[in-house]
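Visitor: Sequence:
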Amino acid sequence: MPLPRRPAATLLRCLVLAIVLVTIPPARALASTTQTGWMQDDPSVLADPMGTLERMRLLGAEEVRFGVRWYSIAPNINSHRAPRGFNGSNPASYRAAAWAPLDAIVRDAHAVGIGLDLDLMGGTPLWATGPNPPHDGKVHYNWEPSPSLYGQFVRAVATRYSGNYDPGLRKTKPGDPNDLPRVNFWSIWNEPDYGPSLAPQGLPSNLRIDYAPDQYRHLLDAAWGALQATGHGRDTIVFGEVAPRGQSYWGVFSGMTPLLFLRSLYCVDSHYRQLRGSAAAVRGCPTTAAGSRAFRAAHPALFQASGFSDHPYMRWYPPNREVNPDPTNHLSTADYTSLGVIGQLERALDRLQGVYGSHTRFPIYDTEFSYITSPPKHDTSQTPWVSPATAAY
1 MPLPRRPAAT LLRCLVLAIV LVTIPPARAL ASTTQTGWMQ DDPSVLADPM GTLERMRLLG
61 AEEVRFGVRW YSIAPNINSH RAPRGFNGSN PASYRAAAWA PLDAIVRDAH AVGIGLDLDL
121 MGGTPLWATG PNPPHDGKVH YNWEPSPSLY GQFVRAVATR YSGNYDPGLR KTKPGDPNDL
181 PRVNFWSIWN EPDYGPSLAP QGLPSNLRID YAPDQYRHLL DAAWGALQAT GHGRDTIVFG
241 EVAPRGQSYW GVFSGMTPLL FLRSLYCVDS HYRQLRGSAA AVRGCPTTAA GSRAFRAAHP
301 ALFQASGFSD HPYMRWYPPN REVNPDPTNH LSTADYTSLG VIGQLERALD RLQGVYGSHT
361 RFPIYDTEFS YITSPPKHDT SQTPWVSPAT AAY
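What the sequence shown shows, in our numbering, is residues 1 to 393, in sequence order.
It should be emphasised that the hints constitute simulated quantities derived from the structure, not laboratory data. You may find that some hints are simply not true.
Stated by the list, open to error - The following label-pair restraints were derived from C-beta to C-beta distances:
#1 N76 / G291: 22 to 30 angstroms
#2 T373 / G291: 45 to 53 angstroms
#3 P75 / R182: 19 to 27 angstroms
#4 N329 / I372: 35 to 43 angstroms
Cβ coordinates follow ideal geometry from the N, Cα and C atoms, glycine included.
Kindly produce the complete structure, drawing on both the sequences and the hints.
Guide: This is the structure we're talking about:
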């Protein structure tokens, strides 16, 4: 459940990932007045938006997170060329049928009276990916996604759900009774510190050099600009959505530890000193003091967003305990952001703001979380797993 970040600060919001929904609402627990109940179950919401959202509301959810995958709406996703004349910023350039499932979810959430957090994920159409993906017989939908084209996609989604867009007329018409409801909560990408979500993690010319943070910085810039330009500047906009663990060598498709990712995102070293010289240049960071002074203005989301989002999954131990070193890879947990060590994330965020003279103290949104309580498991022999059949029961 949500917990306060500090007694006098904004809240730490924690989402419980609801896989199995029941129809009988439990008694409400006494909780802090700053807590917000969250749920996410994308397959069920897609299959039965109204029924699922109503059950979530009965269970006490006030917000629902839903992942909007770029390739679920984009045309020609398996082609390396976008359709002729395609304008990615215009909702009318996309097929109405591609929008229909999301339109239904937005309408039904509004009708039920439940908030909606749209996580604008990857799943990049091939025409928006970078060159030279691995030739391994697989399709790599998240290979070097184009920030400018992603920004166009975000602008199209944000325009459609601005509260002023009539899908029948396929244009913005403020005050029209047929306008789609407004969405006012947005998340940018998903687990960019994890190779299957954003690749390559390492620089192609030297995979030991972190590259995903530079990619994400530009994706975030593009999304932020698109949301500002479409009237969503006062909405809740969170970034990060990081996985809580990683490896010492991330290569192409593995993942780096979230605090290493975060430091690189803000262009500082392990001692929170601004990068300089070749170490900065290779990571897309300012190489001079003058460049660092312009960093806040160049990347406003890193300092002005509503908060930072984390996925603080725990594994085999009590939820307030993270074993150090990690028994699966023998890596120090000093750069982890799981629930047992989430204070490390809080301190890192504050230090990063201070490096650039900012006094922002980001609330932490725990937008994905689950914890297995039965049967108990306290060893690393096999990752706890629930079969799809059991989860769907």
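Visitor: So, for every hint listed, does it hold in this structure?
Guide: These are the hints, each one checked on the structure:
1. N76 / G291: 22 to 30 angstroms: Given about 39 angstroms between the Cβ atoms, the range is violated.
2. T373 / G291: 45 to 53 angstroms: holds (49 angstroms)
3. P75 / R182: 19 to 27 angstroms: Holds, at about 25 angstroms.
4. N329 / I372: 35 to 43 angstroms: Check failed, 20 angstroms falls outside 35 to 43 angstroms.
Consistency note: the structure conflicts with the earlier hints numbered 1 and 4.
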